[in-house]
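Protein chains: 2
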Amino acid sequence: MKYFITGGAGFIGSHIVDRILKEGGQVVVYDNLSTGQINFLESAKTNKNFELIVGDLLDKDLLNTSISGCDMVFHMAANADIRHGLENPYNDIEQNTIVTFNLLEAMRKSNIKRIVFASSAAALGEPEQFPTPESCAVPIQTSLYGASKMACEGLISSYCEGYGFEGYAFRFVSLLGPRYPHGHVFDFVKKLRHDSSKLEVLGDGKQRKSYMHIDDCLDAIFLVANEKRTALQSKRNYQVYHLGNPEYIKVSDSAMIIIDQMDLTAKIEYTGGRQGWIGDNPFVFLDVTKIQSEGWSPKNNIKDSICETVDWLNNNGWIMENRQ
Amino acid sequence: MKYFITGGAGFIGSHIVDRILKEGGQVVVYDNLSTGQINFLESAKTNKNFELIVGDLLDKDLLNTSISGCDMVFHMAANADIRHGLENPYNDIEQNTIVTFNLLEAMRKSNIKRIVFASSAAALGEPEQFPTPESCAVPIQTSLYGASKMACEGLISSYCEGYGFEGYAFRFVSLLGPRYPHGHVFDFVKKLRHDSSKLEVLGDGKQRKSYMHIDDCLDAIFLVANEKRTALQSKRNYQVYHLGNPEYIKVSDSAMIIIDQMDLTAKIEYTGGRQGWIGDNPFVFLDVTKIQSEGWSPKNNIKDSICETVDWLNNNGWIMENRQ
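Sequence lines, in order, name chains H and W. Using my numbering, the first residue of the first sequence is number 8, and each one after it goes up by one. Using my numbering, the first residue of the second sequence is number 8, and each one after it goes up by one.
Just so you know, the hints here were simulated from the structure itself, not pulled from any lab data. Careful: at least some of the hints might be erroneous.
The list treats identical chains as interchangeable, and a pair is accepted whether it falls inside one copy or across any two copies.
[To be verified] Below, in silico cross-link-like pairs of lysine to any residue (SDA-like), each with a Cα-Cα straight-line distance of 20 Å or less:
(1) Lys9 <-> Ala232
(2) Lys310 <-> Thr272
(3) Lys120 <-> Leu93
(4) Lys29 <-> Asn46
(5) Lys67 <-> Asn98
(6) Lys198 <-> Trp319
(7) Lys67 <-> Glu101
(8) Lys116 <-> Ala144
(9) Lys116 <-> Leu93
(10) Lys297 <-> Ala144
(11) Lys116 <-> Gln246
(12) Lys67 <-> Asp311
(13) Lys116 <-> Leu40
(14) Lys205 <-> Asp267
(15) Lys120 <-> Glu94
(16) Lys116 <-> Asn95
(17) Lys120 <-> Ile285
(18) Lys297 <-> Ser204
(19) Lys120 <-> Asn95
(20) Lys297 <-> Cys143
(21) Lys297 <-> Glu135
(22) Lys205 <-> Gly169
(23) Lys120 <-> Tyr97
(24) Lys205 <-> Gln33
(25) Lys205 <-> Ile285
Only chain H is shown next, with the shape it has when bound in the complex (with noise of 0.2 Å):
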C-alpha cells in the first residue's frame, strides 16, 4: 500500500508516516512546509519507502501528478490556528475547505477512494451534551476553524455519497504528546520559559478540556482505517468517529501541572472571562464509546501526557523559537 498523507511534516502527520513506515507500508508526504517540520521527519527520511514533496494544496497541477499511483490518502494538513481565524477569516476558507475540495478532486482523478480526514471536536460549535456524542445536534458554528472542518467533512461524505469514496472522519480532542507544536501547554511553557515568576492563562481558567495523546489517536485511526472491515460493508462507507480521553481536567489545574512538572512556583494570573479567545468552548468533552466499541482504549490520561509534553518541549526548545 502506498499513503499519500497530506500536512506529512505535521505533527499528527509525521507520526502517521513513521507508523506506516515502521509497518512496511510506502509513504508520498505532500506539505508546503508552512507550519510543518523538516525535523519531525528526520527518521522517515532515511526509509527508502519515503517520499517528501514539498507543495501546496493550491498547486493543482503539482498535486495531481504527486497523488497518482497512490492507494490511500490521510488528510492532516490544515490551517490548524483557531485562535487568529478572525484576523484573517480567509485562512480557514482557503487552507481548510477549498484544499480539501482539490485533494477530492485529485483523487477522483487519481480513482483513489480512501481517505481519512482530521476533523476537530471544534467543529461542534458549543454543543449542549457532554459527553459529546457523534449523533449531537446539529452544532452552531462559533469559530472559522470549527465552521470549516464541518465544511470538509460535508464535502468528504458527499463524495462518498456520489462517487463511491470511503471516508473516515476524526473529530480529536487537542492532542499532545512529542513533536506537539502548539496549544495551551506550548503556551504555558513558552512563557515560564521567558519569565518563571508569573504565568498568564487566558480566561478564567475553569475551561474544562479533555485532550488525548498522539500515540492513543494513531491506535484509534489505525484500528479503523487498517482494518478489513469486511463486517461494516453494509453500513455507509462514510463513518464519522470521535477521539478523545473519557476524562477531562480544567484549564486552572493544567497550568499547576505544568509548572510543577517544570519544578517552578510561579504565580498564576487569569485574563478572566468564560472563553480564551472568541470561539474558544469552553467544555470540550467527548463521548468516545463508539471507538471503544470497536475495541480500542487510551493508554495515556491527560495528567501524563501534559507532563510528558513539557518534558518534550523543554527537551526541544528550537520548536519555541521557529513557532510564534
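Fit chain W to the supplied structure of chain H, relying on the hints for placement.
Only chain W this time, still in chain H's reference frame:
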C-alpha cells in the same frame, strides 16, 4: 431601510423584492442573471425605490461598491441545482460557499451586520428523526449542494460569533407558487406538455416530500427578520428556523394531482429506486414548531399549492422554454 438582495431576480428573491417595495423599503438587487429571470422584476422595475445591479458575487470590487450604504442583506443567490451537482462539483463550492464568504466580507467592509440566509432541508442529508427539528443529529451530507448550504450556515454563524453579525438561516423544504422555476412540478408539467400520454417519474414514486407555498415562506422570513426582536436580544445572535408545511405528500400522489390539474389521463412510469437521483432525500418532513411558536402558520396546503403552481406554469410557458 435599504435591503441588498442577492439572487433578487430568482424565485424567492423576486418575491422578497416585491414585498419589501410594497412596504415602502428600498431595494438593491444583485444578480448575475445566470438563472434569475428579468421578467420576475417587471413590477419592481417601475418602483423608484428599486435598483438592479447585474453582477456576480465573485466580482468582489463590484460587490463592495454595490453593497455600500445598505442596511441588511437577504442572501438568496445560489446554485440551486442539486441533481446535477456531481457533474461539476466545483459549482456548489464556488456558487454557494465561496460567494457567501465574499458576501460576508463585503458586509464586514461596509459595516452591515444583519443577514437572512436561504439554507435548505437538503443541508440535513437524510435525517433519521421525523418531523426533523432544528436540533436534529449532526447530518451526514449526501449532496454537494446540501454540504455547501451547511458550509454557508457555518460561515454565517462564525461571523455572528466573531464579528457581532446578526444572522437568520432558514432551512426550506421545496417551495411552490408563482415564479416556480425548477423542481418536480416543473419537470412533470414540462414532460406532460411534451407528451400528454405518459409521465416518467424518477424513483419509485414512494419518496415523501413536504412542500411550502412561497407566500407562507415569506410570512415566516419577515416575521423573524423584520420584527424588533427585543425579546430575543439576550439569545445568541444567530438563529436557525425550519420552514415547511406540517404535512407531506408522496411523489406518486403529487404526480396524480398534476395530471388531474392539467385534465390529462397520462400513464405514470416509474424509473424505480428509493431516490430520484444520487443525493435525493426520499423523506423530507421538517418540524416547524419553532417558527409556529413565534406566531406563524401556513395558509396554503400542499395540494392547493401544487395546483396553483401547475396553473402558473401553464400560463407562463416561456419559463419552460428558457430553462432546462
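>> At most 20 Å between alpha carbons: which applies to Lys205 and Gln33, within, between, both or neither?
In response: neither (47 Å within a copy, 57 Å between copies)
> Are the CA atoms of Lys205 and Ile285 at most 20 Å apart within a copy, between copies, both, or neither?
Replying inline: Cα proximity of Lys205 and Ile285: none, with 24 Å in one copy and 59 Å across.
>> Regarding Lys116 and Ala144, is the shortest C-alpha distance of 20 Å or less found within a copy, between copies, in both, or in neither?
In response: neither (35 Å within a copy, 33 Å between copies)
>> At most 20 Å between CA atoms: does that hold for Lys120 and Tyr97 within a copy, between copies, both, or neither?
In response: Only across copies: Lys120 and Tyr97 sit 18 Å apart there, 28 Å inside one copy, limit 20 Å.
> With identical chains treated as interchangeable, where does the CA-CA distance between Lys9 and Ala232 reach 20 Å or less: within a copy, between copies, both, or neither?
Replying inline: within (14 Å within a copy, 53 Å between copies)
> Are the CA atoms of Lys29 and Asn46 at most 20 Å apart within a copy, between copies, both, or neither?
Replying inline: Close inside one copy (18 Å), not across copies (66 Å); limit 20 Å.
> For the identical chains here, do Lys116 and Gln246 meet the 20 Å Cα criterion within one copy, between copies, both, or neither?
Replying inline: Result: close neither inside a copy nor across copies, 23 Å intra and 39 Å inter.
> Are the CA atoms of Lys67 and Asn98 at most 20 Å apart within a copy, between copies, both, or neither?
Replying inline: both (18 Å within a copy, 17 Å between copies)
> How would you label the pair Lys120, Ile285 (within, between, both, or neither) given a Cα cut-off of 20 Å?
Replying inline: Close across copies (17 Å), not inside one copy (37 Å); limit 20 Å.
> Is it within, between, both or neither when you check Lys297 against Cys143 at 20 Å Cα-Cα?
Replying inline: both (13 Å within a copy, 19 Å between copies)
> Quick one: Lys67 to Asp311, C-alpha cut-off 20 Å, is that within a copy, between copies, both, or neither?
Replying inline: So Lys67 and Asp311 fail the 20 Å test inside a copy (42 Å) and across (50 Å) alike.
> Is it within, between, both, or neither for Lys205 and Gly169, if the alpha carbons may be no more than 20 Å apart?
Replying inline: So Lys205 and Gly169 fail the 20 Å test inside a copy (55 Å) and across (30 Å) alike.
Hint check: violations occur at hints 8, 11, 12, 13, 18, 22, 24, 25; the rest are consistent with the structure.
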